[in-house]
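S.K.: Work the whole structure out from these sequences, hints included.
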Amino acid sequence: MADSIPLSGVLDLTPEEKHPRLWLEVMHDWIVTTDHKKIGLMYIAASLMFMAIGGIEVLLMRIQLARPESTFLSPEQYNQLFTLHGTTMIFFVAMPILFGFGNYMVPLMIGARDMAFPRLNAFSFWIFLFGALLLYYSILGGKGVFGGSGIPDQGWFAYAPLTSVAFSKSHAADYWALGILISGIGTIGTALNIVATTVCMRCKGMKLNRMPLFVWLMLVTSAMAVAAIPPLSAAQIMLLIDRFLGGHFFDTQAGGSAVLWAHFFWIFGHPEVYILIMPAFAFMNEIIPVFSRKAIFGYPAMVAASVGIAFISFTVWAHHMFTVGMSAAANTAFVLSSMIIAIPTGIKIFNWLATMWGGKIHFTVPMLFCTAFLFQFTLAGLTGIMLAVAPFNWQLHNSYFVIAHFHYVIIGGILFALFGAFYYWFPKMTGRMMSETLGKWHFWLFVLGFHMTFDFMHIVGLLGMPREIYTYQPGHHWAVWNMIVTIGAFVQAVAVIIFLVNLVRSHFKGDLAGNDPWDAWTLEWATTSPPPSYNFAEEPVVRSRRPLWDLKHPEDPDWKYEFETENRLAEQK
Amino acid sequence: MSTGSGGGEGWFEKLFTSSTNIFSPQSANAHEIFRLSIFVLIITGAIFVTVCGLLLFVIVKYRRRPGDDNTEPPQIYGSNQIELAWTVFPILIVVVLFLSTVRVIFSIQNAPHPKRALDVTVTGHQWWWEFSYPKYNIVTANELHVPVSSDPKDPMPTFLKLVSADVDHSFWVPRLAGKTDLMAGQVNQMWIQPEVTGLFLGQCAQYCGTEHARMLIRVYAQTPEEFEKWAENQQKDAVNDPSVATGRAVFEHNACINCHSVRGTVANGRFGPDLTHLASRDTIASGTLPLTRSNLEGWIKDPDQYKPGCLMPAMKLSDTDIASIASYLMTLK
Amino acid sequence: MTTIPFTFDVKDDPWELPYRGSVGMWCLIVAESSMFLIFVVAYIFYMGKSLSGPTPREILSIPYFGTVCLLSSSITIHLSVNGLKKKSQLSFIGWLAGTILLGIIFLLGTAKEWVDLIYKHHFTIHTSLFGTTFYSLVGLHATHVLIGLLMLSVVLVLGLFGLVGEDQFHHFHSLSMYWHFVDAVWIAVFFTFYITPYLGLAA
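Chains as they are written, first to last, in our numbering: chain A, 55 to 627; chain B, 1090 to 1422; chain C, 3 to 205.
Treat the hints loosely; a few may be bogus.
What the hints assert, rightly or not - List of simulated lysine-lysine pairs, DSBU-like, C-alpha gap at most 30 Å:
#1 LYS1204/B <-> LYS1242/B
#2 LYS1150/B <-> LYS606/A
#3 LYS1405/B <-> LYS223/A
#4 LYS414/A <-> LYS614/A
#5 LYS494/A <-> LYS563/A
#6 LYS494/A <-> LYS402/A
#7 LYS223/A <-> LYS51/C
#8 LYS1224/B <-> LYS1325/B
#9 LYS1390/B <-> LYS1405/B
#10 LYS402/A <-> LYS258/A
#11 LYS614/A <-> LYS258/A
#12 LYS258/A <-> LYS87/C
#13 LYS494/A <-> LYS1150/B
#14 LYS414/A <-> LYS1150/B
#15 LYS92/A <-> LYS258/A
#16 LYS1250/B <-> LYS1204/B
#17 LYS1422/B <-> LYS1318/B
#18 LYS51/C <-> LYS122/C
#19 LYS1250/B <-> LYS1224/B
#20 LYS1250/B <-> LYS51/C
#21 LYS402/A <-> LYS606/A
#22 LYS223/A <-> LYS1390/B
#23 LYS1242/B <-> LYS1318/B
#24 LYS1325/B <-> LYS1390/B
#25 LYS258/A <-> LYS606/A
#26 LYS1318/B <-> LYS1224/B
#27 LYS1150/B <-> LYS402/A
No lab work stands behind these hints, which were simulated from the structure alone.
Since this is a predicted model, take the numbers as computed values, not measurements.
M.R.: Encoded structure:
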């Protein structure tokens, strides 16, 4: 499988100068780097650190909720934990880790030397990190004039007027707004960078319809981010104007509107969740074909579906607001758009199924994770349809059913695909394979824990348990389900620890990977593992969607089929 | 009083029933939602079985077998017909789902408001519920009494006007209706129509601060006669029992009257719940504590021990004062 | 020589992709437009809803002079960009200086308007919904003008040292795109605040 192509032509094989380096030199190298690969790795490392923190936050919450009327945490502590958990996981784990993978892989996949704006790339990472640390600094600082802890406690969507000075006297809301505002600058910067890179730096021959689907999806994700994150920034600036300059944007005493905050937040918030899932689709689009040994089924439809989802996602936002008192007509409109978006999403699932159909599926660890994604994301999409049915939503909204739904997407979908991506691209990034044995332990334990927690969480939502409550009364029959959910959370934690151990151990002791351990078809596998700092010694030239397939199968290259229609038409003339 | 957890519970009851189960509706609109939900569940269930069935089939049939010759399978790039089919079919499903949904949205949101319907204004506070009946001149807290609507041909709905005194809240009593938010600065409306007498439980469903978890709702659906009797009593001024005159004096000389009202006395604060008929209620602290003498004394002594962070301060009264206030309050039937 | 066989397309087209600076600047413009749109929506949503305080018709006077200056600066920067393209340093520097001057005049006009509103009419960001949305949106725009002026000044100084030549044309062109965007936003803001009161939309 490895080294199936002679690569002597595209690589400079002069051994790099190696001298023993001081630890300080290494640190300095990483701090000032503008190399997209190093920046990508820093994004991933920072995200893993925040994932551990966010994970500990939720384990504490789950201990509190395992039994009714528990006094393990005070209400203030619980409210801070769920706010931090949600905020951390979305803004400091999911976004950066997905953009981190994009940062690493996009230039390699398009045959480029680096991103379009390497210095902006570095700046974006460091300002993201600064914003995140600023928010966490609230644990130390932030008491404000009236005392009270400065840790954010208003929920991750920070509904007005709870966040006004009247109801949030400490600096908690300020740390929340500023931390995310600053961090968001980094996200917009990276997104802009990915768009410019994809549009302007593709290697010769790589027309847009020859880009790997991974790159297409990162392009669409980044374009969405550029348009969707500024509304949140705007709303946060408005909130800060209210809190510091006496503004009245969300001040209901002065005629301001609480609903307006909700609209602004969800105009960001809904595209945001599609920004999170699209990179997961990107991983699926590379991993499933390689381990089914077949090209992706329906490439143009996949592109069209992705672009369609991107546009439609800006029209569905108020399905998070079916209970705020909009008119029947308005509710109807958002039901329609929310159901419509299910169609291109469903098409993707069918295309992946069709890719696997007739293939020779090799269940390596990445493929295991991606297969589980298919089951889980299907179910998550279906609970999403239930939530799109507004009257049903009037019962399910703000209950544990919603929490179960979105964790099914984020963990059952995004995190599973992300784990697949780790196992798949770790060899490229480090030159070593991750342990398949530990990987399988990770996978099966995580599947067990995930389903224990989130399958049963749907039930307790149907039994009427609302979200964001620090405790509940014993008479509701919620206790047993909550206990199961808590145990599942700890099982997942063990699985994640196994993963982290695997990550670190394999980096030092894993089997050497070679350039192309998976016998794959995109350009990143045409250079060494890890790639040299310049990626490719000569700019690659491609003639189809799978340049390495063409090289490995000169008797049956992809480009023959690409131009089949063109050739046939030419012959007919 | 049925709360869904009666005696003799088997394991099924213990796991799958609840006083707040959205799948045991007892009100016209909750029934409509339930029927639509089942329809949606059937359709999504069928989709799930189909897709996951196909997936299972694929991973079994097309898995790589040991001893495979490592040749690549035929590369199929797409199929216009198949892709068209699996685009059109979901569109049809969406059309069906959408039309059935719209019907229920309009039926519930634009339901007629008959003249004889009961009107209640619900004001959300951090962290308790104020219920006022404008036509009856009644103001009470946390426990909502409504007449039952037992005859489907002659419905007796209760229309709730939802406003907030501070931040956003949400009124959710699952067996009676879907939830509707109480948005600050705005007036919302919903209706309930309980079809059997009994007690229906719910709680605030929009995070509203520290004690959001303990902002419970109790809806008492009563026969028309019982309701009239209750309303008549609520309309009266507070009971003036001379045997608790000391307690009343202590109450009225403390800051209690700044936040609480007792109709017919000097106490007319609006920040906290109306106490005129406190002793006619089953619970205090927005449904979280049964109304007993010792709970009441404990609550007055230090509300934070039951509801940490709640906005009623501990007044640092002596135990004697607390006891006499409690005696007074217990007479306010 | 490489051992990897590769072939070009039959047509052997030259491979030319857009300039990354322009694409990057378009992305920035999309992001900023998205943010401005939210502030405009807030203003329109709150039109006529202030509980007290003066109305737009009562205290706003249309800033004709500042607007003419700012919109003219789009023309001058265009001429400056052309000058750089044609390698005429005089044209490039001259029109650039003119652009900066016009921008400064615009900002001074805004400052004067605000001093008037705050000290004569006691109209501040705190006065009412109108006050909040007015100062936020105009202030946001003015901030963007200021940032643009700072960047243009940097280019002017570099130009005076003879460091801006045809190699920097693309960079300067991207910066001019930003300046045109700032002008376009002003047209939208101008219409929102100063024209809509006369269209019978605000109370």
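S.K.: Could you tell me which of the numbered hints above are not met by this structure, giving the numbers in increasing order?
M.R.: Per hint list: zero violations.
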